[in-house]
Amino acid sequence: MSEAAAVAGAVIAWFGATLLAVADARRGQSLGLLVLTAGLTLATGAAGQPPLAVAALALGGAAAAGLRLRAGRPGWGLFAPGSTSYLVGAIIVVIGAVLVAGSGLGSPAGAARLGALAVTALAAGRVLTVGQRWAALGGASALALGLGALGGATALLAGAVVAAGLGAIDGDEAVEAGG
Amino acid sequence: MISARAPLGRIPGAPALLGVGGVGAVLAVLILAAPLLPVAALPHLTPAARALLLASAAALALTTVLAPHRVARWELLATGLGALGGQAVLMALTDPLAIAAVLLLIAFGFAARTGARPFVERARGPAFAALLIGLGWAFVQLQGAAWVGRVGALALALGLACAAGLVPYLAAVDAEEPASSSFVAWTGFFGPALAISLPGRVLPALPAGDGAVFGATLVGLGLVNLAWGTIGAWRTASDVEAWRCSFLVDWGLALVGIGLFLPDGLAGSYLALLGIVLVRVPLYLWARPALLGRQPARLNALNVLLAVLLAGAAPFAGFPVRLLVLSAATQTAWPLAIPLVAAMLLGIVYSVRLARALGSHHGWAAVGLWITLGFGLLLGVAPSALRALGGM
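If you're matching them up, the sequences are chains A and B in order. Each residue of the first sequence is one higher than the one before, counting from -15 in our numbering. Each residue of the second sequence is one higher than the one before, counting from 60 in our numbering.
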């Protein structure tokens, strides 16, 4: 049962990270963050991580998703022109994650780790390729959640705090322009 | 002395900056005082990390009070205290994944400060370092094929170089950018914190083969940075770039020292990192008015002394570092000493150029330079006491 939950969580997390990667507006980005947080929460909970740390991850991710609604283009912006490369990347990431960590797929912890690896890779791709401040911050929150979900209680707590902390940074491009 | 007095109310984000400074100061004090407090949950620092944090605090106090600045001193202090807190957390955490996550927050937090380069460009390098460290550690922990662990060890070593902004992850240098938004924050502040804590966190968990990859990568990166820094500081047309290259030389010695996994090498690396924080960063801040063309470059008596210090000659900071790293290199493989000695000798060539670029300072700024020279002398004449302080 917990194995099925962990695999389902990993798939949801990957789907959320894919949504985040193809989102070109604030609502789409927040939706991606929410979905990937739900997936990582389900997967890490099923993998037997301490409930308090899992709850912290959920709170941190939800806070980051909420705070990211403050800046960026209005609307959903899902699958905008130019998102094909991110979709291809999302499929390649699954193949890569299975190659690296596929041997642990039989256990809930292994499945959760696979989901976290996929989120980490997709979020990193987002951070390293976008040019807008709000998009980079959204990607960084997802990266923090993914890194946190790769480890134990300390990493989960750190990931949650960092994701929420990154959400607090102003994503408005005008802040930068104003210097 | 160039200084700015900006009223708090007129600076955008001033309350947030003061908040970050306050949180950073509290974190640094709590982590430093953890052994004295009856709270077991507080993270503890290793002796070497505690020494580096104290050195950073001393350098921050010195540069805030006495160095010539274009930004307001309260702004510099708040930023510095925030950075000090970040440094303390980076060194106190034991889980590399948590370290990677915190590195991410510091990367974007510092990129949010005003700078000449775009926000995303400034955050990208350290964010990539967080990714390398996080994924590297995850790969090392996987019970999979042997190559996955090797790739993980490689990523951990590259992550350390990336966090410090070293070759092959050099970012563009813009002389006009405030020092706290420039490469100095990573090469001179957070990088040393990671270098002093991360190897100690990951090495005990690495199998022998992965450990060898980690060490060899660090030695390779160290030699590349040493060569790049030495030739760059000598040949580049820009004085700012020459100063950045001089950081790479110190880092090259530090990385070789860590990668050799010998007590002498580790001690040399620890002293090199202390030297970066306590001597190299303050001197760069003093050099900035001349580097920006607001003061003529000059070689007076104090600058000649500083040239000796910057060359790594006795009795100053770089000398014991060079002796210890050479000793560790000859214990491992004597040919390794050849590039090290060559780089050390070439250091004499560019040190005069760097000292000239410091310009001439008077009043309190000159007092600050003498104090920095004193720090350099302390590191040079009392390495044994400093090694004992750092548990080396």
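These are computed hints drawn from the structure, not numbers from a lab. Note that the Cβ used here is the ideal one computed from N, Cα and C, for glycine as well. One thing to keep in mind: the hints can contain errors.
Calculated Cβ distances over 10 Å to all of chain B for the following chain A residues [as the list claims (entries may be wrong)]:
{"#": "1", "residue": "Ala(-12)"}
{"#": "2", "residue": "Ala(-11)"}
{"#": "3", "residue": "Ala(-8)"}
{"#": "4", "residue": "Ile76"}
{"#": "5", "residue": "Gln116"}
{"#": "6", "residue": "Gly149"}
{"#": "7", "residue": "Asp154"}
Distance ranges between label pairs, derived from CB positions [said to hold, decoys possible]:
{"#": "8", "chain 1": "A", "residue 1": "Ala137", "chain 2": "B", "residue 2": "Gly450", "range": "26 to 32 Å"}
{"#": "9", "chain 1": "B", "residue 1": "Ala231", "chain 2": "A", "residue 2": "Gly90", "range": "29 to 35 Å"}
{"#": "10", "chain 1": "B", "residue 1": "Ser297", "chain 2": "A", "residue 2": "Pro34", "range": "36 to 42 Å"}
{"#": "11", "chain 1": "A", "residue 1": "Arg54", "chain 2": "B", "residue 2": "Ala392", "range": "39 to 45 Å"}
{"#": "12", "chain 1": "A", "residue 1": "Gly90", "chain 2": "B", "residue 2": "Ala117", "range": "42 to 48 Å"}
{"#": "13", "chain 1": "A", "residue 1": "Leu43", "chain 2": "B", "residue 2": "Thr153", "range": "22 to 28 Å"}
{"#": "14", "chain 1": "B", "residue 1": "Ala175", "chain 2": "A", "residue 2": "Ala(-12)", "range": "40 to 46 Å"}
{"#": "15", "chain 1": "A", "residue 1": "Pro58", "chain 2": "B", "residue 2": "Asn359", "range": "37 to 43 Å"}
{"#": "16", "chain 1": "A", "residue 1": "Ser(-14)", "chain 2": "B", "residue 2": "Leu262", "range": "30 to 36 Å"}
{"#": "17", "chain 1": "A", "residue 1": "Pro58", "chain 2": "B", "residue 2": "Glu180", "range": "22 to 28 Å"}
**Q.** Hints that the structure is at odds with (numbers, increasing)
**A.** 5, 6, 7, 9, 10, 11, 12, 14 and 15
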